[in-house]
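4 protein chains.
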Amino acid sequence: MPNATDDVTGPTIADQLVAVGRRFYARGWVLGTSGNFSAVVSDDPLRLAITSSSLDKGALEPSHILHVGEDGVVVSGTGRPSAETLLHVEIVRRRAACAVLHTHSVWATMLSDRHALNGGLGIEGYEMLKGLDGVCTHEHREWVPIVDNDQDMTRLSRALRATLDQHPAAHAVLLRRHGLYTWGKSLADAVRHVEILEFLFETVGRTSLHSGREGYHGIAQSS
Amino acid sequence: MPNATDDVTGPTIADQLVAVGRRFYARGWVLGTSGNFSAVVSDDPLRLAITSSSLDKGALEPSHILHVGEDGVVVSGTGRPSAETLLHVEIVRRRAACAVLHTHSVWATMLSDRHALNGGLGIEGYEMLKGLDGVCTHEHREWVPIVDNDQDMTRLSRALRATLDQHPAAHAVLLRRHGLYTWGKSLADAVRHVEILEFLFETVGRTSLHSGREGYHGIAQSS
Amino acid sequence: MPNATDDVTGPTIADQLVAVGRRFYARGWVLGTSGNFSAVVSDDPLRLAITSSSLDKGALEPSHILHVGEDGVVVSGTGRPSAETLLHVEIVRRRAACAVLHTHSVWATMLSDRHALNGGLGIEGYEMLKGLDGVCTHEHREWVPIVDNDQDMTRLSRALRATLDQHPAAHAVLLRRHGLYTWGKSLADAVRHVEILEFLFETVGRTSLHSGREGYHGIAQSS
Amino acid sequence: MPNATDDVTGPTIADQLVAVGRRFYARGWVLGTSGNFSAVVSDDPLRLAITSSSLDKGALEPSHILHVGEDGVVVSGTGRPSAETLLHVEIVRRRAACAVLHTHSVWATMLSDRHALNGGLGIEGYEMLKGLDGVCTHEHREWVPIVDNDQDMTRLSRALRATLDQHPAAHAVLLRRHGLYTWGKSLADAVRHVEILEFLFETVGRTSLHSGREGYHGIAQSS
Numbered sequence: 000m001p002n003a004t005d006d007v008t009g010p011t012i013a014d015q016l017v018a019v020g021r022r023f024y025a026r027g028w029v030l031g032t033s034g035n036f037s038a039v040v041s042d043d044p045l046r047l048a049i050t051s052s053s054l055d056k057g058a059l060e061p062s063h064i065l066h067v068g069e070d071g072v073v074v075s076g077t078g079r080p081s082a083e084t085l086l087h088v089e090i091v092r093r094r095a096a097c098a099v100l101h102t103h104s105v106w107a108t109m110l111s112d113r114h115a116l117n118g119g120l121g122i123e124g125y126e127m128l129k130g131l132d133g134v135c136t137h138e139h140r141e142w143v144p145i146v147d148n149d150q151d152m153t154r155l156s157r158a159l160r161a162t163l164d165q166h167p168a169a170h171a172v173l174l175r176r177h178g179l180y181t182w183g184k185s186l187a188d189a190v191r192h193v194e195i196l197e198f199l200f201e202t203v204g205r206t207s208l209h210s211g212r213e214g215y216h217g218i219a220q221s222s
Numbered sequence: 000m001p002n003a004t005d006d007v008t009g010p011t012i013a014d015q016l017v018a019v020g021r022r023f024y025a026r027g028w029v030l031g032t033s034g035n036f037s038a039v040v041s042d043d044p045l046r047l048a049i050t051s052s053s054l055d056k057g058a059l060e061p062s063h064i065l066h067v068g069e070d071g072v073v074v075s076g077t078g079r080p081s082a083e084t085l086l087h088v089e090i091v092r093r094r095a096a097c098a099v100l101h102t103h104s105v106w107a108t109m110l111s112d113r114h115a116l117n118g119g120l121g122i123e124g125y126e127m128l129k130g131l132d133g134v135c136t137h138e139h140r141e142w143v144p145i146v147d148n149d150q151d152m153t154r155l156s157r158a159l160r161a162t163l164d165q166h167p168a169a170h171a172v173l174l175r176r177h178g179l180y181t182w183g184k185s186l187a188d189a190v191r192h193v194e195i196l197e198f199l200f201e202t203v204g205r206t207s208l209h210s211g212r213e214g215y216h217g218i219a220q221s222s
Numbered sequence: 000m001p002n003a004t005d006d007v008t009g010p011t012i013a014d015q016l017v018a019v020g021r022r023f024y025a026r027g028w029v030l031g032t033s034g035n036f037s038a039v040v041s042d043d044p045l046r047l048a049i050t051s052s053s054l055d056k057g058a059l060e061p062s063h064i065l066h067v068g069e070d071g072v073v074v075s076g077t078g079r080p081s082a083e084t085l086l087h088v089e090i091v092r093r094r095a096a097c098a099v100l101h102t103h104s105v106w107a108t109m110l111s112d113r114h115a116l117n118g119g120l121g122i123e124g125y126e127m128l129k130g131l132d133g134v135c136t137h138e139h140r141e142w143v144p145i146v147d148n149d150q151d152m153t154r155l156s157r158a159l160r161a162t163l164d165q166h167p168a169a170h171a172v173l174l175r176r177h178g179l180y181t182w183g184k185s186l187a188d189a190v191r192h193v194e195i196l197e198f199l200f201e202t203v204g205r206t207s208l209h210s211g212r213e214g215y216h217g218i219a220q221s222s
Numbered sequence: 000m001p002n003a004t005d006d007v008t009g010p011t012i013a014d015q016l017v018a019v020g021r022r023f024y025a026r027g028w029v030l031g032t033s034g035n036f037s038a039v040v041s042d043d044p045l046r047l048a049i050t051s052s053s054l055d056k057g058a059l060e061p062s063h064i065l066h067v068g069e070d071g072v073v074v075s076g077t078g079r080p081s082a083e084t085l086l087h088v089e090i091v092r093r094r095a096a097c098a099v100l101h102t103h104s105v106w107a108t109m110l111s112d113r114h115a116l117n118g119g120l121g122i123e124g125y126e127m128l129k130g131l132d133g134v135c136t137h138e139h140r141e142w143v144p145i146v147d148n149d150q151d152m153t154r155l156s157r158a159l160r161a162t163l164d165q166h167p168a169a170h171a172v173l174l175r176r177h178g179l180y181t182w183g184k185s186l187a188d189a190v191r192h193v194e195i196l197e198f199l200f201e202t203v204g205r206t207s208l209h210s211g212r213e214g215y216h217g218i219a220q221s222s
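Protein chains in written order, with numbering that gives the first Met the number 0: chain A, 0 to 222; chain B, 0 to 222; chain C, 0 to 222; chain D, 0 to 222.
Extracted from the complex, chain A is given alone in its bound form:
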C-alpha cells in the first residue's frame, strides 16, 4: 500500500506549505500570485507536493496543494500545477533537495537584473552566510548564479540544469527580473535559506547605494 505514506504525510506537508505562504506573504515576498513552493512526498517514484497555479499565497489552503510526478503531471489533488513545476523537479533531482521554494521580492528582482551581465552575484564576508547549509564561517563566498528568464519552461529548465551543474556549491539561483529559487534538505532548511538570502540581497542592495556615492568599495559584489 504505497499510498499510505502519502495519505499520512500529505496533509502535514500541505499544512506546512500553507504556513510558508502566509509567512512569506506577510513579508511581501510573494505578492500577486507570484511564488511557488514544493516538498518531496516520496522519492521513488518521485512525488512532489506543490502549490497549484495562480493562487494568492497569503490565502493558501491545504486543498491548493497538488501531488505531481516527475513529469509534472498531477497524480492527486484538483487544479493546475504551477507552470514552473519542471524547475522544481530539476532542482530536486540535481540537488537531492527535499523542498524547493521560489520567492519574488523587490530586492531579488533588482539584483537579478543588476548583476545579470556578470552571470551571478557574489556575496561574502557576512555572518548571515553561516545559515546556509554546510557553511561554517562568514569568510565563505557564495556565488548566486543568474539565469535569463524564459517563458519556454522546457528551455528554462534545461538552462537551470546547466547552471546547477556548473555551480555545484550554489545554494540558490536567481531568475533574471523574476526572483529566487532555493532549496534544502528539509522544508525548514529551505525556509531558512529564503530568509537568509533575502536578508543578504537587501543588505547588498542597500550597501551598493552608499558605495556608488561615496567611493566605498569594501564589498566585492560580483566576480
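Heads up, a few of these hints could be off.
[Stated by the list, open to error] Over 10 angstroms on every C-beta distance to chain B, these chain C residues come out as not near it, computed from the model:
1. G71
2. D149
3. P167
[What the hints assert, rightly or not] Pulled a few chain C residues facing chain D out of the computed Cβ check, cut under 7 angstroms:
4. G31
5. T32
6. V39
7. H66
8. T108
9. N148
10. R176
11. H177
Calculated directly from the structure, the hints in this document are not laboratory data. Just so it is clear, the structure is predicted and the values come from calculations on it, not from any experiment. The beta-carbon is built from N, C-alpha and C at its ideal position, and this holds for glycine as well.
Chains B, C and D: place on chain A using the hints.
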C-alpha cells in the same frame, strides 16, 4: 423582485471590500482616509458597492459600504459616497470592470510625479507583469498613463475617460501625486493588480536610484 | 458630581489611547519608549488623559493612562506623567485640540534635522494633504514648522507656543531630531493627521533622494 | 534549596525570551536562525537562560531555552547552547547586565561594515538616545564600538572584553557584518536598547545617503 440579488450579494461584497481595506491598510497603501474600493453589484441598472467617504480603511465595517447608481447617487446604505465615485463608474463603463480599487502608496505617489511630464510610466521585462490580466510573457510592455490631479470630479472623470480610450490596453492609471486606479473582471483580479503594480512601482523606483548613480540604464522607464 | 463624566468617559479614552499605541508601534513610529498620547477629558477645569512616562507603547494598558490638570500635575491614576505633558497642554490651549499625538519615526526625525535651518518644511501638491482638517484641495501648501529640541520643558513649551502663534494654520510641529506633534478635534482626527504626515514625510524624503541625483526639482520642499 | 528560585523564575524568563523572539522576528531583526537572547537566572553561581543554537526565533518555545553556567556548559534543558554563549557571559560579567540581546538587522550589518575602519560609530543629538540607560539629554554622544567578526569564540570573546573595558560608557557593541549586542539591567531595558539602537541605525544610515549627495554634513557619524 430585482432587489433580491442585491440583498443576497450585497453583504458578501461588503465583507470582501472590508477585507481588502484591512489588507491594504496593513501594507500602508491606504493610510489616513485615503483610498476607495468598489465592486459591481448589478449591471443593468448599474449598481456599485463602494466605500463611503472619509473612512479609516483599516477599520471598515460592512455598514460603511454603500450602493450607488450610475450617477453616483446613493440607492442604499447610509453615508456619503466617496468623492471619486464618478471615476469608479467611468472605469466600470469603459473597461467592463467588475471591481475598481484605488490605493495611495508612497511609491505610486512618487512615480506618478516623477514621470508626469512623459504622460506615463513604461514597465517591461518583469516576470511579475504576467499577473496582469491577459499578459502571458515578461516581454510585455505595460504603459501606465498618468493623469493630472484635479478637484473638479466632472473634469477629472472626463480626463480619465479620454486616457482610458487612448490607452485601451492599460491595466491601470496613475493620478499625479494622488495614487493608483486599477480594476479587474473580479475583485480578486483587481486586488492582484494592485499588488503587482505596487511591487513593480517599488522595484522601478528603487532601481532608478541605482541607475542614476552608476550609469546603469538597463530599464526603459518611460517612453 | 462633576467626576461622573470622568468616570464614564475615562476608561473609554484610555482604551482608545492604548489602541493608538499598538497601532503606531506596529508601524515603528513609537519604538523604545518614545512617543506619548493625550486626549481631553474635560475642558473646565482642563483634564487631560495622557500616557505615563517611559512605557513600551506597544504594550500599553488602560491603567497606564493618567489624568492631569493644566499644570501637568496628576489628578488621578498612578505613575509619572510624560515629561512632555506641558507641550500637550500648550497645544490643547492654543489649538482648542481634543487630542494630541507625538510620534517618533525615522522619516520625521530625518526631515526635522534636514530642514531645521529653514525653520520648517513646506509640503504642497499632494492629494494626501486633503486629509488634514479643513484642507479641500491638493493645491494646499502645508508648512510644518521645526522647533529646536530642548530638555528644559518650560523653555521648550514657550518655544512651541511662539511657533504655534506664528503659524496659526499649521496642523503639526516637528521637534528637531525628536519627532512629530500633531493634534485634532477628536482622537480620530489626530490619528489621521499622524498617518497623513508620516506618509508625506516618507514621500518627500524619498523623493529628495531622486531629486538630488538627477537634477529633478519638481517639488518645493522648503520655503 | 538553591534551585527553587530557578524552578520558579526559569519558566517565566523562558516565556519572556520567547516573546522577545517573536517581536524581533516580526521586525526582520532575527531572520534565518540569526540572533540569540539571554537573561541571568542566578548570580552566584552564574546561571544564564539562553536560546539554544540554530532556531527560528519567530517560533521559539520555552523548551528551547537552556540554562548554562559561566563556562557555557548546559546545566539544565536539552539542546546545544548558542555558539556565542561566551560573548553573553563576557557582557554579563563586565557590565553587570541582567539580560543580553543579539540582533542581526540590515542596517546594523551595513553600518558595522561601513564604519569598521573607524573602530566604531558615533551617534549624537537625537532625542531617542534618552532611551539608553542613564542618558538624560539628546546632547549625549553615544559611541558604538565595532569589533571584527571571528569564528574563534575564545578569541572573539577576548576582543569583546577588551572593547568593553576600553569603552566603559558604551551601551552596545557591533560585530562587523554580523550585528548588534546590547544589554540591560533587566530584559525590558535590553529590549528597549535594541529598539532604540535599531531606530538610530536606520536614521543614521538613511541620513548618510542624503548627506553624501547634497553636501549636507550636519551629523558627525564617526569620530
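Hint numbers contradicted by this structure: 6, 7
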